[in-house]
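Produce the complete structure using the sequences and hints provided.
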Amino acid sequence: MLRPLKLFGLFARISVLNEVQYRANFFMQVLQSGLSLGTGLIVLNVVYSYTDTLGGWSQAELLAIYGVFVLMGGLIGSLVIPNMWAFMEDVREGRLDFTLTKPEDSQVLISVRVVAIWRLVDVVLGIAVLSVAIARMGLEASWWLAFAFASTLVMGMILLYCVLLLASILSFWFVRVWELMEMMQSIFQAGRWPVGIYPDWLRLGLTYLIPVAFAVTVPAEALTGRLTPQLLAGTFVFTLVALFITRRLWMLGLRNYSGASA
Amino acid sequence: MSSHSIVVKELRKTYKVPEREAGLKAAIKSLVARKTKDVHAVDGISFQIEPGEIVGFLGPNGAGKTTTLKMLSGLLYPTAGELSVAGHVPQKRQREFLQQITLVMGQRSQLNWDIPAIDSYDLYRAIYGIPQEQFKQARDEMIEIMQLKELVKKPVRNLSLGERMKAEMVGALLHQPNVLFLDEPTIGLDVTMQRRIRAFIQEYNQRYNATVLLTSHYMADVQALCKRVIVIHHGKLLFDGELTALVERFSAMKTLVLTMSDMNGKTPDMAKYGTVVTQEPNRVVLRVAKSDAPQVTARLLADLPVTDLTVDDPPIEEVIESVFDTPEEKP
Numbered sequence: 024m025l026r027p028l029k030l031f032g033l034f035a036r037i038s039v040l041n042e043v044q045y046r047a048n049f050f051m052q053v054l055q056s057g058l059s060l061g062t063g064l065i066v067l068n069v070v071y072s073y074t075d076t077l078g079g080w081s082q083a084e085l086l087a088i089y090g091v092f093v094l095m096g097g098l099i100g101s102l103v104i105p106n107m108w109a110f111m112e113d114v115r116e117g118r119l120d121f122t123l124t125k126p127e128d129s130q131v132l133i134s135v136r137v138v139a140i141w142r143l144v145d146v147v148l149g150i151a152v153l154s155v156a157i158a159r160m161g162l163e164a165s166w167w168l169a170f171a172f173a174s175t176l177v178m179g180m181i182l183l184y185c186v187l188l189l190a191s192i193l194s195f196w197f198v199r200v201w202e203l204m205e206m207m208q209s210i211f212q213a214g215r216w217p218v219g220i221y222p223d224w225l226r227l228g229l230t231y232l233i234p235v236a237f238a239v240t241v242p243a244e245a246l247t248g249r250l251t252p253q254l255l256a257g258t259f260v261f262t263l264v265a266l267f268i269t270r271r272l273w274m275l276g277l278r279n280y281s282g283a284s285a
Numbered sequence: 012m013s014s015h016s017i018v019v020k021e022l023r024k025t026y027k028v029p030e031r032e033a034g035l036k037a038a039i040k041s042l043v044a045r046k047t048k049d050v051h052a053v054d055g056i057s058f059q060i061e062p063g064e065i066v067g068f069l070g071p072n073g074a075g076k077t078t079t080l081k082m083l084s085g086l087l088y089p090t091a092g093e094l095s096v097a098g099h100v101p102q103k104r105q106r107e108f109l110q111q112i113t114l115v116m117g118q119r120s121q122l123n124w125d126i127p128a129i130d131s132y133d134l135y136r137a138i139y140g141i142p143q144e145q146f147k148q149a150r151d152e153m154i155e156i157m158q159l160k161e162l163v164k165k166p167v168r169n170l171s172l173g174e175r176m177k178a179e180m181v182g183a184l185l186h187q188p189n190v191l192f193l194d195e196p197t198i199g200l201d202v203t204m205q206r207r208i209r210a211f212i213q214e215y216n217q218r219y220n221a222t223v224l225l226t227s228h229y230m231a232d233v234q235a236l237c238k239r240v241i242v243i244h245h246g247k248l249l250f251d252g253e254l255t256a257l258v259e260r261f262s263a264m265k266t267l268v269l270t271m272s273d274m275n276g277k278t279p280d281m282a283k284y285g286t287v288v289t290q291e292p293n294r295v296v297l298r299v300a301k302s303d304a305p306q307v308t309a310r311l312l313a314d315l316p317v318t319d320l321t322v323d324d325p326p327i328e329e330v331i332e333s334v335f336d337t338p339e340e341k342p
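Sequence order for the protein chains is H and G.
Reminder that position 138 of the first sequence reads as 161 in our numbering, one-by-one numbering, no gaps.
Reminder that position 261 of the second sequence reads as 272 in our numbering, one-by-one numbering, no gaps.
None of these hints come from the bench; they were simulated from the model.
Small disclaimer: the values here were computed from a predicted structure and weren't measured.
Take these hints with a grain of salt, some might be off.
Stated by the list, open to error - Derived coverage of chain G by chain H (criterion: at least 3 residues anywhere in the stretch with Cβ under 8 Å from a Cβ of chain H; other residues may be distant):
(1) 77-90
(2) 122-131
Claimed, not checked - With a cut-off of at most 20 Å between alpha-carbon atoms, the simulated SDA-like pairs for lysine to any residue come out as follows:
(3) G/147 - G/161
(4) H/29 - G/135
(5) G/164 - H/39
(6) G/103 - H/280
(7) G/160 - G/103
(8) H/29 - H/131
(9) H/125 - G/133
(10) G/164 - G/124
(11) G/164 - H/41
(12) G/247 - G/258
(13) H/125 - G/137
(14) G/301 - G/268
(15) G/165 - G/204
(16) G/165 - H/43
(17) H/29 - G/138
(18) G/103 - H/130
(19) G/301 - G/321
All C-beta atoms, glycine included, are put in the ideal place defined by N, C-alpha and C.
Below, the structure is given as structure tokens:
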């Protein structure tokens with residue numbers, strides 16, 4: 024378990040050292056993130072000028088969901104998605120061969136290579152929004168709450184990683200799967216609202232197919248004291264299953280790539 | 012475990028490729044019932060390579076060279092046959108195996124284009140788990156030999172093709188592998204750069220007694236580096252032996268160069284001796300069948316005032332070309 028983290032640290036360090044040379048990108052990202060945060064908050068305000076609760080969530084609680092949404096978007100956008108793009112490009116251009124001749128697990132290698140540090144602006148903004156939401160909710164801090172929130176956040180991130188990697192793995196067979204990735208990223212946008220407000224079929228899809236519910240709603244539920252130990256355990260099991268399935272499909276994809284199945 | 016560095020026995024790789032006729036109707040039909048055709052990219056080749064050997068791996072495009080290299084480096088599963096590289100079965104891709112090999116492809120870059128090469132080297136150090144001291148020494152030494160100096164601190168995308176390839180070679184050898192698979196490492200480079208890369212390969216080979224399997228379209232690479240060549244064509248082994256023997260075996264012609272003393276302006280009819288390549292008043296270049304060479308030489312010496320005569324093999328490029336011109340044998 025330690026080696027992947029060490030590799031990640033090294034890759035991240037090099038990414039950071041290089042990205043800081045391009046300060047313009049930082050300001051662009053601040054501008055972009057600021058704009059999208061602004062519009063998001065305005066929409067929230069508009070909604071609450073008509074109603075006091077939405078699907079059982081108060082205004083402050085909904086702000087918490089939005090905070091988690093921005094935070095998660097930042098985490099995925101800086102740590103996961105850039106790696107998936109790089110991986111798909113490697114398959115297309117045949118550079119994956121170099122990764123496969125390295126004495127390191129290939130799934131680990133392709134998963135930790137790139138860190139888009141400027142996207143971390145969203146992480147900062149997300150935490151800021153969350154702080155405001157927490158203050159407004161008048162939340163009482165407890166170890167259970169902190170643990171539940173942190174663990175669901177991490178599991179949500181792992182689940183999104185699994186789903187995004189599953190989509191990318193398809194490039195072993197189809198080479199071009201960008202559209203699918205784009206689609207999944209836009210579906211993630213649905214996460215800014217509690218999934219409870221959506222019709223059943225969509226809610227199920229957003230829970231199990233594209234686990235936006237686990238990635239955003241569940242951590243927010245943890246923060247607002249809605250999370251039961253059962254749901255936490257369920258999330259844990261689901262995360263393990265997703266990791267397992269992703270691993271199997273990765274191996275299968277590799278076998279196909281190397282012609283072992285032919 | 013054998014003492015050979017590389018053992019290849021009856022190696023085969025068959026690709027199933029979809030086959031369909033032109034036209035929309037055929038395309039739709041192929042969605043349902045896919046017809047596939049077997050393509051034998053590598054069709055039963057065997058050879059062995061000893062530690063420390065540099066072997067040229069030759070063949071025209073599509074002969075199966077890259078497929079073989081990919082199987083040897085564990086990227087592709089063989090359809091049939093046995094493989095052993097540095098005592099390991101490549102396709103198992105064990106850590107101990109991957110630690111000992113390297114793969115360089117002239118057409119592709121493994122260095123990250125956005126960052127300086129020296130940063131990529133650091134990543135390779137971590138991935139291969141090279142001890143810090145050993146890494147620094149190997150890195151600085153190779154940078155020195157390649158005369159890369161400050162270039163390793165520039166983002167790779169700002170380097171010229173030749174500079175990039177030098178940086179690429181250094182990165183591929185930092186972990187000091189025993190077995191090198193080099194696929195067209197000098198492609199597209201100018202003569203000086205080619206020479207530099209060649210010298211580097213030679214130096215590395217001598218210092219570490221590393222085994223090198225090299226493909227190249229430049230015969231100068233092969234002549235400079237490889238005593239032995241393996242030629243494959245249509246997935247089959249065509250020749251395995253010394254480069255000089257290849258020329259001996261496959262060139263049907265000899266080149267005769269003769270210098271004559273002044274013949275008082277008369278031009279002798281040279282066409283009756285063989286094919287005239289060039290003819291100047293005192294110097295003639297002839298091409299004759301190898302079997303006729305001794306006889307023609309004797310006649311020339313008897314008939315003409317020859318002052319000097321040499322018998323040469325044709326250039327290696329021509330020999331290779333004539334080898335590749337042989338049509339595929341139909342089973």
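**OP:** Enumerate the violated hints, using their earlier numbering and listing them in ascending order.
**Re:** 7
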